[in-house]
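Asker: Line order of the protein sequences matches chains S and V. Residue numbers for the first sequence follow the working numbering, beginning at 1 and rising by one. Residue numbers for the second sequence follow the working numbering, beginning at 389 and rising by one.
To give an idea of the interface, some chain S residues facing chain V are shown, with a C-beta separation under 8 Å as derived from the structure:
#: 1; residue: S42
#: 2; residue: R203
#: 3; residue: T204
#: 4; residue: T211
#: 5; residue: Q216
#: 6; residue: R221
#: 7; residue: V234
#: 8; residue: R235
#: 9; residue: G248
#: 10; residue: Q263
#: 11; residue: L267
Please keep in mind that the hints were generated in silico from the structure rather than gathered at the bench. Source: prediction; values computed, not measured. Ideal placement from N, C-alpha and C gives every residue a C-beta, glycine not left out.
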Amino acid sequence: MRFPSVLRFFRGALLALSAAALPAAAEVVGDEIVVGTVSDLSGPIALLGVPVRDGMLMRFDELNAAGGVHGRKIRLVVEDAGYDPKRAVLAARKLVQRDRAFAFIANMGTPVVMATMPIIVDAGRLHLFPFSPHRATYEPLHPLKFQNFAPYQDYMEAATRHMLSTQGYERTCLLYQDDDYGLEVMKGVEKGLAANGRELVERTSYKRGATDLSSQIARLRAARCDFVVLATVVRETVAAMAEARKIGWEVDMLVTASGYSAQTHELGGEAVEGLYGVSVLPHPYAEGANSQLAAWIERYRARFKAEPNVWSVMGYTLADLFVRTAEATGPALTVEAFARTLEGMEFTRDYFGSPSYRFTPQDHLGNRYGRLAQIRNGRWELITDYLQ
Amino acid sequence: MLSLLQVLLSGIATGCIYGLVALSFVLIYKATETVSFMQGDLLMLGAFAALGLHLQAGLPLAAAALLAVIAVGALGAGLERAVLHRALGQPHLVAVLLTFGLGMMMRGGVASVPAAAQEVHALPFAADTLAIGPLVLAASHLWVILATVLLAALLAAFFRHTRTGLALRACSEDARVAALMGVPVARMHTLAWALGAALAAVAGLLLAPVTFVHLNMGFIALKAFPAAVLGGLTSLPGALVAGVLLGVAEALAGLALPEGVKDVVPYALLMAALLLFPQGLGVRRGGRGGV
Numbered sequence: 001m002r003f004p005s006v007l008r009f010f011r012g013a014l015l016a017l018s019a020a021a022l023p024a025a026a027e028v029v030g031d032e033i034v035v036g037t038v039s040d041l042s043g044p045i046a047l048l049g050v051p052v053r054d055g056m057l058m059r060f061d062e063l064n065a066a067g068g069v070h071g072r073k074i075r076l077v078v079e080d081a082g083y084d085p086k087r088a089v090l091a092a093r094k095l096v097q098r099d100r101a102f103a104f105i106a107n108m109g110t111p112v113v114m115a116t117m118p119i120i121v122d123a124g125r126l127h128l129f130p131f132s133p134h135r136a137t138y139e140p141l142h143p144l145k146f147q148n149f150a151p152y153q154d155y156m157e158a159a160t161r162h163m164l165s166t167q168g169y170e171r172t173c174l175l176y177q178d179d180d181y182g183l184e185v186m187k188g189v190e191k192g193l194a195a196n197g198r199e200l201v202e203r204t205s206y207k208r209g210a211t212d213l214s215s216q217i218a219r220l221r222a223a224r225c226d227f228v229v230l231a232t233v234v235r236e237t238v239a240a241m242a243e244a245r246k247i248g249w250e251v252d253m254l255v256t257a258s259g260y261s262a263q264t265h266e267l268g269g270e271a272v273e274g275l276y277g278v279s280v281l282p283h284p285y286a287e288g289a290n291s292q293l294a295a296w297i298e299r300y301r302a303r304f305k306a307e308p309n310v311w312s313v314m315g316y317t318l319a320d321l322f323v324r325t326a327e328a329t330g331p332a333l334t335v336e337a338f339a340r341t342l343e344g345m346e347f348t349r350d351y352f353g354s355p356s357y358r359f360t361p362q363d364h365l366g367n368r369y370g371r372l373a374q375i376r377n378g379r380w381e382l383i384t385d386y387l388q
Numbered sequence: 389m390l391s392l393l394q395v396l397l398s399g400i401a402t403g404c405i406y407g408l409v410a411l412s413f414v415l416i417y418k419a420t421e422t423v424s425f426m427q428g429d430l431l432m433l434g435a436f437a438a439l440g441l442h443l444q445a446g447l448p449l450a451a452a453a454l455l456a457v458i459a460v461g462a463l464g465a466g467l468e469r470a471v472l473h474r475a476l477g478q479p480h481l482v483a484v485l486l487t488f489g490l491g492m493m494m495r496g497g498v499a500s501v502p503a504a505a506q507e508v509h510a511l512p513f514a515a516d517t518l519a520i521g522p523l524v525l526a527a528s529h530l531w532v533i534l535a536t537v538l539l540a541a542l543l544a545a546f547f548r549h550t551r552t553g554l555a556l557r558a559c560s561e562d563a564r565v566a567a568l569m570g571v572p573v574a575r576m577h578t579l580a581w582a583l584g585a586a587l588a589a590v591a592g593l594l595l596a597p598v599t600f601v602h603l604n605m606g607f608i609a610l611k612a613f614p615a616a617v618l619g620g621l622t623s624l625p626g627a628l629v630a631g632v633l634l635g636v637a638e639a640l641a642g643l644a645l646p647e648g649v650k651d652v653v654p655y656a657l658l659m660a661a662l663l664l665f666p667q668g669l670g671v672r673r674g675g676r677g678g679v
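Here chain S stands alone, though its shape is the one from the complex (with noise of 0.2 Å):
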């Protein structure tokens, strides 16, 4: 019994040691860049993970029949790891080896990039844009990690500083969702209440996935605030405006980027009038779109037959920022050089009205703004720019 297990760690050592010498995919050779994504495609987030992998199909496949990036094809790889990390490592292993991939974009889920991001970076790949707001995927400072979706810290301390300044709030309080995301955004309200000298006056939370909110609501009018932060998402953030305006109180309320989707107002209709959201890029709204947006969403719509969202736009985005920045590096494409190129990039506002996107030696994160909108008439208007 002793001599198989005996063979077996070796044939497992072996198999370690060559896949340790297998050459990383460093540069690109042939004909076609491999771009990998870990997705959700029927899982918990599959309603950002199915609009995001459309977006990103939709940008290589306009680029492949342009004629492709210095001559070579870019062809995305998907898995569907449906928010389970398990499955992510087997994914990110496939696409590692098997496909070889250059570069991954668009990781979906903290717990997914938690697990497959010392494969890919071990691997010697680009770790790009993964949708978790965690710190670790820019900081500390990697050669391989780049960032660009806006902490929640960050710009709901500037978000909260300017409802505070503008409208004279006095009494803030929140309602949040007790984990990490929840924290996150308490940290950021807290900071930019400090900045006007103020403290939270209540807090209070529920549990991902709860029924209710009323006993939430009426502790929070209780406690006479006159502007509550909702570190909510789609769902809860209409529960609460509801529960609200039921029982006649108009308090003016601030929902988190993940509370501002076109979601929210088709469920929440009257109820959710007036509520002020961060927005880290524009809903595409087909009503009133500049020319070259709106004939995007023709292509969109023809190509999928869906209504784009907010998702979908981020996807192009980040096919986009990858499609650009591969040919700024020019015809010799290799991992370093694609990474040091992007620490150089800017990338100026565009059509969707996203902000800019900066990379710097010293800082692989994108952007760290977001700009407020308010629910006026069922729809999404943007109130301000990117707050600083």
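Starting from the known structure of chain S, fit chain V onto it as the hints suggest.
Answerer: Positioned in the frame of chain S, the structure of chain V alone reads:
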């Protein structure tokens, strides 16, 4: 005072849904001695079925809701006939794992429809409010309470006054004696599963206007199970009352107690009840509890 009343009513409404799901647990447990871990998934399935029938097939909402409840009830009966009856006489764990697996299959089935997995949906119920003096009530909450009372009355009448109801009760009391008396026990088991599944679907429909329809709405069963245990696992009124009690306790704790305590309250209550009334609140001392 006003906000207290307001929160109390919301608590009762939420509690009614806990109670209905708990009722479905207990109904199945009493009749077949099987703990069903798929009630949450049946609830979700019921809501999605109504949504699909209404939005896709274009049926009027009431018809869609009725059809969804019947369909989920039929599914419960079908599952009992096909697989669940095989778990009878096996250790408890078999039925637990079996129902757990079936629940996962239902989730998987719904998740494979892209529109279902990716979005939160609203059933177009009236989102109206009703003002009684300074008190404002959500119509959806009133619906929940009303429907629960109505269902409870219907179930009570069914168990008291119909032959089938009586037979089902006989089965729950002692299946062997019931069989000797000519009660078709196997058919009663099928009926219990059908009723349990249909009840869960009703709870799903009632929950829809409160939390919308989405893949994870079945997690409410995590609260309903303590309610069933609190009620003694064998008492139908006990389950309903315990559900309402949990809902109210949770709501009031959120309003009055320090931040963070409210999530502990249902479970603390459950522990206290298990210590003080180990047989459950709804069980008469020495008896197995009424219907």
